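Engineer: These are the residues of each chain, in order.
Number of protein chains: 2
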Amino acid sequence: MEGVSHEAASLAGHLGLDRLVCVFDDNRITIDGGTGLATSDDVAGRFRSYGWDVVELGEIGEDLDAIENALETARTPNGKPRLLVLRTHIGFPSPDHTDSHAAHGLAFSAEDVTRTKAVMGIPDEPFYLPSDLVDAYRSLTNARGTEAHLAWESLSSSARQRSEWNASFGDPPSAVVDAMPNWDLGAKVATRKAIQAALDASADLLPGLVSGSADLTGNTGTKVASFSGQSASNGDGHQVYYGIREHGMGSAMVGMALHGGILPVGGTFFVFVDYMRPPVRLAALSGARVVFVFTHDSVAVGEDGPTHQPVEQLAGLRSMPGLHVVRPADANETAVAWADAVTHDGPTALVLSRQDVRVVTDGTAAITGAGIVGEVDDNPDAIIIGTGSEVALCVDAAEALKSSGRSVRVVSMPSWDRFRAQPAELRYSILPPGVPTVSVEAGSTFGWHEWSDRQVGIDRFGASAPGDIALDRLGINVDAVVAAVHDVLGVAS
Amino acid sequence: MEGVSHEAASLAGHLGLDRLVCVFDDNRITIDGGTGLATSDDVAGRFRSYGWDVVELGEIGEDLDAIENALETARTPNGKPRLLVLRTHIGFPSPDHTDSHAAHGLAFSAEDVTRTKAVMGIPDEPFYLPSDLVDAYRSLTNARGTEAHLAWESLSSSARQRSEWNASFGDPPSAVVDAMPNWDLGAKVATRKAIQAALDASADLLPGLVSGSADLTGNTGTKVASFSGQSASNGDGHQVYYGIREHGMGSAMVGMALHGGILPVGGTFFVFVDYMRPPVRLAALSGARVVFVFTHDSVAVGEDGPTHQPVEQLAGLRSMPGLHVVRPADANETAVAWADAVTHDGPTALVLSRQDVRVVTDGTAAITGAGIVGEVDDNPDAIIIGTGSEVALCVDAAEALKSSGRSVRVVSMPSWDRFRAQPAELRYSILPPGVPTVSVEAGSTFGWHEWSDRQVGIDRFGASAPGDIALDRLGINVDAVVAAVHDVLGVAS
Numbered sequence: 001m002e003g004v005s006h007e008a009a010s011l012a013g014h015l016g017l018d019r020l021v022c023v024f025d026d027n028r029i030t031i032d033g034g035t036g037l038a039t040s041d042d043v044a045g046r047f048r049s050y051g052w053d054v055v056e057l058g059e060i061g062e063d064l065d066a067i068e069n070a071l072e073t074a075r076t077p078n079g080k081p082r083l084l085v086l087r088t089h090i091g092f093p094s095p096d097h098t099d100s101h102a103a104h105g106l107a108f109s110a111e112d113v114t115r116t117k118a119v120m121g122i123p124d125e126p127f128y129l130p131s132d133l134v135d136a137y138r139s140l141t142n143a144r145g146t147e148a149h150l151a152w153e154s155l156s157s158s159a160r161q162r163s164e165w166n167a168s169f170g171d172p173p174s175a176v177v178d179a180m181p182n183w184d185l186g187a188k189v190a191t192r193k194a195i196q197a198a199l200d201a202s203a204d205l206l207p208g209l210v211s212g213s214a215d216l217t218g219n220t221g222t223k224v225a226s227f228s229g230q231s232a233s234n235g236d237g238h239q240v241y242y243g244i245r246e247h248g249m250g251s252a253m254v255g256m257a258l259h260g261g262i263l264p265v266g267g268t269f270f271v272f273v274d275y276m277r278p279p280v281r282l283a284a285l286s287g288a289r290v291v292f293v294f295t296h297d298s299v300a301v302g303e304d305g306p307t308h309q310p311v312e313q314l315a316g317l318r319s320m321p322g323l324h325v326v327r328p329a330d331a332n333e334t335a336v337a338w339a340d341a342v343t344h345d346g347p348t349a350l351v352l353s354r355q356d357v358r359v360v361t362d363g364t365a366a367i368t369g370a371g372i373v374g375e376v377d378d379n380p381d382a383i384i385i386g387t388g389s390e391v392a393l394c395v396d397a398a399e400a401l402k403s404s405g406r407s408v409r410v411v412s413m414p415s416w417d418r419f420r421a422q423p424a425e426l427r428y429s430i431l432p433p434g435v436p437t438v439s440v441e442a443g444s445t446f447g448w449h450e451w452s453d454r455q456v457g458i459d460r461f462g463a464s465a466p467g468d469i470a471l472d473r474l475g476i477n478v479d480a481v482v483a484a485v486h487d488v489l490g491v492a493s
Numbered sequence: 001m002e003g004v005s006h007e008a009a010s011l012a013g014h015l016g017l018d019r020l021v022c023v024f025d026d027n028r029i030t031i032d033g034g035t036g037l038a039t040s041d042d043v044a045g046r047f048r049s050y051g052w053d054v055v056e057l058g059e060i061g062e063d064l065d066a067i068e069n070a071l072e073t074a075r076t077p078n079g080k081p082r083l084l085v086l087r088t089h090i091g092f093p094s095p096d097h098t099d100s101h102a103a104h105g106l107a108f109s110a111e112d113v114t115r116t117k118a119v120m121g122i123p124d125e126p127f128y129l130p131s132d133l134v135d136a137y138r139s140l141t142n143a144r145g146t147e148a149h150l151a152w153e154s155l156s157s158s159a160r161q162r163s164e165w166n167a168s169f170g171d172p173p174s175a176v177v178d179a180m181p182n183w184d185l186g187a188k189v190a191t192r193k194a195i196q197a198a199l200d201a202s203a204d205l206l207p208g209l210v211s212g213s214a215d216l217t218g219n220t221g222t223k224v225a226s227f228s229g230q231s232a233s234n235g236d237g238h239q240v241y242y243g244i245r246e247h248g249m250g251s252a253m254v255g256m257a258l259h260g261g262i263l264p265v266g267g268t269f270f271v272f273v274d275y276m277r278p279p280v281r282l283a284a285l286s287g288a289r290v291v292f293v294f295t296h297d298s299v300a301v302g303e304d305g306p307t308h309q310p311v312e313q314l315a316g317l318r319s320m321p322g323l324h325v326v327r328p329a330d331a332n333e334t335a336v337a338w339a340d341a342v343t344h345d346g347p348t349a350l351v352l353s354r355q356d357v358r359v360v361t362d363g364t365a366a367i368t369g370a371g372i373v374g375e376v377d378d379n380p381d382a383i384i385i386g387t388g389s390e391v392a393l394c395v396d397a398a399e400a401l402k403s404s405g406r407s408v409r410v411v412s413m414p415s416w417d418r419f420r421a422q423p424a425e426l427r428y429s430i431l432p433p434g435v436p437t438v439s440v441e442a443g444s445t446f447g448w449h450e451w452s453d454r455q456v457g458i459d460r461f462g463a464s465a466p467g468d469i470a471l472d473r474l475g476i477n478v479d480a481v482v483a484a485v486h487d488v489l490g491v492a493s
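Protein chains in written order, with this note's numbering: chain A, 1 to 493; chain B, 1 to 493.
These are calculated hints, taken from the structure and not from any lab test.
Hints may contain errors.
[Unchecked claim] So the derived list for chain B, only partly shown, Cβ under 10 Å to chain A, looks like this:
1. M1
2. H6
3. G16
4. G45
5. G229
6. V273
7. A315
8. G316
9. G443
10. D459
Bear in mind the structure is a predicted one, so any value in this text is a computation, not a measurement.
Backbone N, C-alpha and C define an ideal beta-carbon position, used for all residues, glycine too.
So here's chain A without its partners, still in its complex pose:
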């Protein structure tokens, strides 16, 4: 019933993934009761509408030979994914619980066991198994299992020794770092454009790279110039058009990463991360090396308004264990973050701008999590911490404060998780204890109390307006930052 089943099955049918065989255990029971409580779907018809080959096998749930035959037959590709439909009975053959929804979570009582064994015609003793069956099973399992395991091991290790596999993530990994483009200070580049340049520059070095988007390929910078589209007739295409299916895209990315040899990159607008929280969490939980490209990362999205303007999404991702979150200040931090994500042992979320942002860094803060922007002043009166498109604004605010005699350090802090992992000396050199801090980010201030004494942010939903006006009216401007610094210094503005 879950929506992701539609997204994934529809895409699988479209791509003609004929090595995919799914078994539908149609026991017509859910936790609440019979499926008739909540669904009347013609499931076979539904999967046929996706272009699947649906095989209705009837009441063969207990017929192991029939199941084996069906699976063997399904192994022969016919251009379509297969759905094998088995009509089964939960709790079978208990005389009390067959076809009962209680059987989903029920621990059988001693009496339940006795009565079920009577139906099965076997002795009512604990752990009963016929000894000839145990012997046969053990010897067969041992012989066939050993053989199968050795065959798999040989296949698997030879696959992993192929040059394509080894090179999937760069060989050597530093090749990607060396290939990264670099932008001059002062240039104006949307970080979504920077990721596209970074992907193009590394495509030849990463045979495992598979890029795609949920119908926002051009918009999110995830079209790799040299890649052709994946399709039923072009299985080698490294560009995947996932369609308007964020949940399906994220799920497929995790699956490909856990298979190995593939580095999946997937793009959508940042606000739509809400549609794919489950696979983002699954990637974090399983340490899958995937790269999520989330662009249009603030109210600067503009006219599309609050439904398209992320506010709380950064807090949502930062609170997730095991997810590396980076919001680069500019094109240079974006390229460095990308090269780093290629070798990061887990998922990375890159949070990027729609609009042009001024290049103000050399990009290295993407490695350490935070870094000082511009000249290092040893005894600042205050520190302004910014992320993403707001770092250039922080530089402007620091300039304004300098003209009134204040020495203010600007710190770009693209990644909290990375900064937390640094040694204390490094952290203290960037954020010396005791120096008052102001954070600036065009999103929820939620969580920023960990780093700053005053927060400039957006603790409400956005508004439809041209991006620069939306930012300004929602308080993301030089005046607001200067006022917050004055406030934290306890001086009148």
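Go by the hints and put chain B onto chain A.
Structural biologist: Just chain B now, with coordinates in the frame of chain A:
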């Protein structure tokens, strides 16, 4: 393509919602290009598999009479929701952009306009409209519009004067407050059981109450004893079996709330809020009065393990503007929070325990957002702030500290958003500035720096174990709280 279309359409077909008419504007274009890039679905077949009446109307996108006739015909109920399929052409009749994906976002150039008007056979002048058409349109719109508006206003206001409508949210609202059950201090009650008692106690007082769950009805306490199941043959049933469709459930709840006269309550396990972030956000954005019941709210869920154990979900919800989030300490705070949610002008998320928790409060902190538990000590050495199932643990830790001569206040803080909205005097009376604070919550510490100097929490994914062992091993225990208090006081443990 979005998964929620499957969840919603499947449920609508099952329930036989024959007042629902959807128009499928089948222009075969997405942002990335032709739909053939990403889908081969037989959409008509898919909706027929859901039990819809699919009407394939062909190329009538420009034939207003045919569209009107189709809509008129569809108004006659036939037991099924209707899908009207129109084959249309984006950008029509531009000779340059018809059927082009660029037309999705393209602003026509002056030349585009000229060439299109030539095709249409109308003069190439800005804002051209035949004056007789303008006159006819204005007079008709005025006459028919006025009439239609008056008819609607009369119908709408009479509906809103019906006693059922007025009483939907309690009449008077205090009736629900008065009807709430109360539990004795020391009783042990899972807060998911408390919400069930609260719902049962208010069902007769709230004609607009519609309760349901995404296939976890019994588990989440959202089965109202006196309600019958909503179905195609029982449209009056106030209990909705949404099936395994969190996204669809949340979306339907928002729709019902915005219709008016209905107070939708929907339950699922807290970790599955990830599947329904979009409708939770939509509820917050539109101020829809819905009540989300999220149970099984921590690693105390137990054996199901990390995939079923929420950790970062609380931070994710608290960072969302416009969402009232409550994690009640016990059964009393749960009942008070429920009665409050009934009159709250917006969405409420109740975050509840699977396991029994000791009753330690009178429930009032659910109104103010935070409150002192037990006797008020005017000059505490430190304050322990807990939420939900951890408040009883905080009381135990405070007792342990008392025996070693420390005076420690315990604060239950079920709702950050509500507490932030209190006057400063109240906030300072509960959390006096300068008194060191320790927070305790079986979830991510993300965001807690706003309130506490030390955080006891779980900044990793959970683990499969019996709930009490999972909690203990992940550091949610009296020893850890006592150590944190000693740490914040600067004394050796």
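Engineer: Now look at each hint and say whether the structure bears it out.
Structural biologist: Hint check results:
Against a cut-off of 10 Å between C-beta atoms, the interface hint on M1/B holds, since the closest Cβ of chain A lies about 4 Å away. A hinted interface residue such as H6/B counts as satisfied when its beta carbon comes closer than 10 Å to some beta carbon of chain A; here the least separation is about 3 Å, so the hint holds. The beta carbon of G16/B comes within 9 Å of a beta carbon in chain A, closer than 10 Å, and the hint placing it at the interface holds. Because the closest C-beta pair between G45/B and chain A is about 4 Å apart, less than 10 Å, the hint holds.
Interface hint status for G229/B: upheld, as the beta-carbon distance to the closest one in chain A is roughly 7 Å, under 10 Å. Hint status for V273/B: holds, given a least beta-carbon distance of 8 Å to chain A, under 10 Å. Interface restraint check: A315/B against chain A, minimum CB-CB distance 4 Å, threshold 10 Å, status holds. This hint holds: G316/B has a C-beta 4 Å from the nearest C-beta of chain A, less than the 10 Å allowed.
With a cut of 10 Å, the hint placing G443/B at the interface with chain A holds, because the nearest CB-to-CB distance is about 9 Å. Taking 10 Å as the C-beta contact cut-off toward chain A, the hint placing D459/B at the interface holds, the least distance being around 6 Å.
No hint from the list above goes unmet by this structure.
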